[in-house]
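With chain A's structure known, arrange chain B on it following the hints.
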Amino acid sequence: MKHLTWLLLIVLSAARAEDVLHLYNWNNYISDDTLKRFEAHCHCRVKQDYYSDNEEMLAKLEAGAVGYDVIVPTGNAVESLVRRGALRELDKSQLSHIANLKPEFRNLWFDPGNRYSVPYATTVTLVGYNVDKMQALGLPTDTWALIFEPKYLEKIRGRVTVLNSQRELMAAAMKYLGYSVQEKDAAKWEEAKRVILRAKPYWATFSNSTYIKDLAIGNIWVAHGYSNDMYRAREDAKAAHRPFSIGFTTPREGAVLAVDNFVLHKSGQRPDLAHRFIDFMLEGGNAADVSNLIGAGNANTAATPYIRSEIAAEEGLFPPPQTLARLEMLRDFEPKMRRTLARMWTEIKVR
Amino acid sequence: MSDVRAQPADLTKWVVTLPPTAFLLFFFLAPALIVVVASFREPGEFGGLAPWPALSLDAFGFLSSDVIYLEIFVRSFFVALLTTLTCIVLAYPLAWLIARSPAKRRDLLVLLVILPFASNFLVRIYAWIMLLGPVGLLYTPFAVIIGMVYVHLPFMILPLYTNLEKHDPALLEAAQDLGANAWTSFWRVTFPLSLPGVFSGSALVFIPVLGMFAVPELLGGTGDILIGNLIKAQFLEDRDWPLGSALSIMLTLAVLALAGAMAWAARRGLHGTEAVT
Chain A
3 MKHLTWLLLI VLSAARAEDV LHLYNWNNYI SDDTLKRFEA HCHCRVKQDY YSDNEEMLAK
63 LEAGAVGYDV IVPTGNAVES LVRRGALREL DKSQLSHIAN LKPEFRNLWF DPGNRYSVPY
123 ATTVTLVGYN VDKMQALGLP TDTWALIFEP KYLEKIRGRV TVLNSQRELM AAAMKYLGYS
183 VQEKDAAKWE EAKRVILRAK PYWATFSNST YIKDLAIGNI WVAHGYSNDM YRAREDAKAA
243 HRPFSIGFTT PREGAVLAVD NFVLHKSGQR PDLAHRFIDF MLEGGNAADV SNLIGAGNAN
303 TAATPYIRSE IAAEEGLFPP PQTLARLEML RDFEPKMRRT LARMWTEIKV R
Chain B
322 MSDVRAQPAD LTKWVVTLPP TAFLLFFFLA PALIVVVASF REPGEFGGLA PWPALSLDAF
382 GFLSSDVIYL EIFVRSFFVA LLTTLTCIVL AYPLAWLIAR SPAKRRDLLV LLVILPFASN
442 FLVRIYAWIM LLGPVGLLYT PFAVIIGMVY VHLPFMILPL YTNLEKHDPA LLEAAQDLGA
502 NAWTSFWRVT FPLSLPGVFS GSALVFIPVL GMFAVPELLG GTGDILIGNL IKAQFLEDRD
562 WPLGSALSIM LTLAVLALAG AMAWAARRGL HGTEAVT
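In the order they appear, the protein sequences are chains A and B. Here the numbering used here runs 2 ahead of the position in the first sequence, where the first position is 1. Here the numbering used here runs 321 ahead of the position in the second sequence, where the first position is 1.
Looking at chain A on its own, in the form it has when it is part of the complex (with noise of 0.2 Å):
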């Protein structure tokens, strides 16, 4: 009998360790915390495994990688994955927190109706700054000018970095002179070029990920690149008692905004456990996690009280709504105008 209910014990606990979800998301962007309370919840185990960019994992998923219940991509990301017929539809009756919603990340061009994604955290692609040196030198903070305008680059020259990304730098350009990041016109995109190359002689290097230490050490001063690494940078550089600050502002002009969604996708063996994921995430206290975590901006009403108030405060990172009016997020172009764009970049890079 003593050993039947060992065998019992053994079998149920196997059945248990089956109920899994399969997570494929980014790196550092969900807190363990968040991850226990849920496998708490749902007594079951949560699998993660990590990308760095949405190519990175569109270029998985098409070669053919399966068992994933829940990712996490960028709105372009989930307009690709939506056109693929890769994605499950969300069953809404499983996702009773979903009007925790702020309004204005529901229906979002890449999925109107949200049959299929449900936005978790945002970025803004800013200007950051050392507050100190700004000051002393006298140049504006809240223009995409301190990144292209030599009349101000003479005086950090050699100080600067920007995103090692064609669409980010050349959407910031665009901003700069007043077009759409859409924009269908290559004439406007030429120009955006030659404000590129012009202000590129000033620049230290193109830099997508160095730039948050070099911040925060005080290698450079100004760094165009994404809200959350320079939250960052300014608390790592407060962290070390640098001598100075870090500071961050959406320039005037307008910025890219990217938002990171929750989508299941259709290779998933447990839809069931993916929504149960999902509608947990989209409790307030839960939902906060990631910005307290990571300084992530957050696309839930409920979980603006559990925020801290210096992270839920700071507008860069939570865009007021007339500055979110200004922002645009990038769409993905046809192939012809892409490899027209990648010329162009090729030409900013070689120049």
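Derived from the structure by calculation, the hints contain no laboratory data. Be aware that one or more of the hints could be misleading.
Distance condition first, Cα-Cα at most 20 Å in a straight line; then the derived PhoX-like pairs of lysine-lysine [what the hints assert, rightly or not]: (1) Lys-49(A) x Lys-195(A); (2) Lys-553(B) x Lys-338(A); (3) Lys-62(A) x Lys-553(B); (4) Lys-135(A) x Lys-215(A).
Computed from a predicted structure; not experimentally measured.
Relative to the frame of chain A, chain B by itself:
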């Protein structure tokens, strides 16, 4: 009789060469053919490739319509050449010293040469960021060369050492007896004999440098783009697989041509020294 005996030998030859042949077929030839085919196709709407029958020469036409791509090729070959030459200059004395040191210390010294491989390549490059940043050399072409040389130096030292270690000291004694001073015996005996090591080391450095994208990306400045970066950008950021494939093919052809030229030069060089002796 001889025919009967030859058969098992043929069979053995087959069995022995089958695994490497299969490996090359599956992991070199097949992927290379996929890349060749991809270069004649058209980019898909969201990246990847457009559905079949769409075949075109667009990618190659696009590349040849523009001198900018040639510029990047030339620049990459220059960086690879500079890296290789620097590696030879730095690695030669070191390899020679290791080969001449007492036998029991040699293993330790070789171990020290390969010790950096124990830590991740990116971590070591990040270390260079911290070293070069304060002295103002970070994000310069110089930093790229430093990074490239640093990463590839062991690949030059090891073949050189393996070669130099085998040299018969009697040859140098003979040269001395014939009246050569240290300098002459080095240039007339050691160096010509070490040429195979120099060539294989150069191949191990030159070719990977051509494809390297991480070093220029992390250490280079605004102008430091090499073919590796360009190819990577086509496959990831720009999602233009045909263009990326076409670039890869041109790089492969250039490398093959160069390797062929080097092999030819090496053979001629060796025959040359034989003729002298």
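Among the hints numbered above, which are violated by the structure, and what are their numbers in rising order?
-> Hint 1 contradicted; others consistent.
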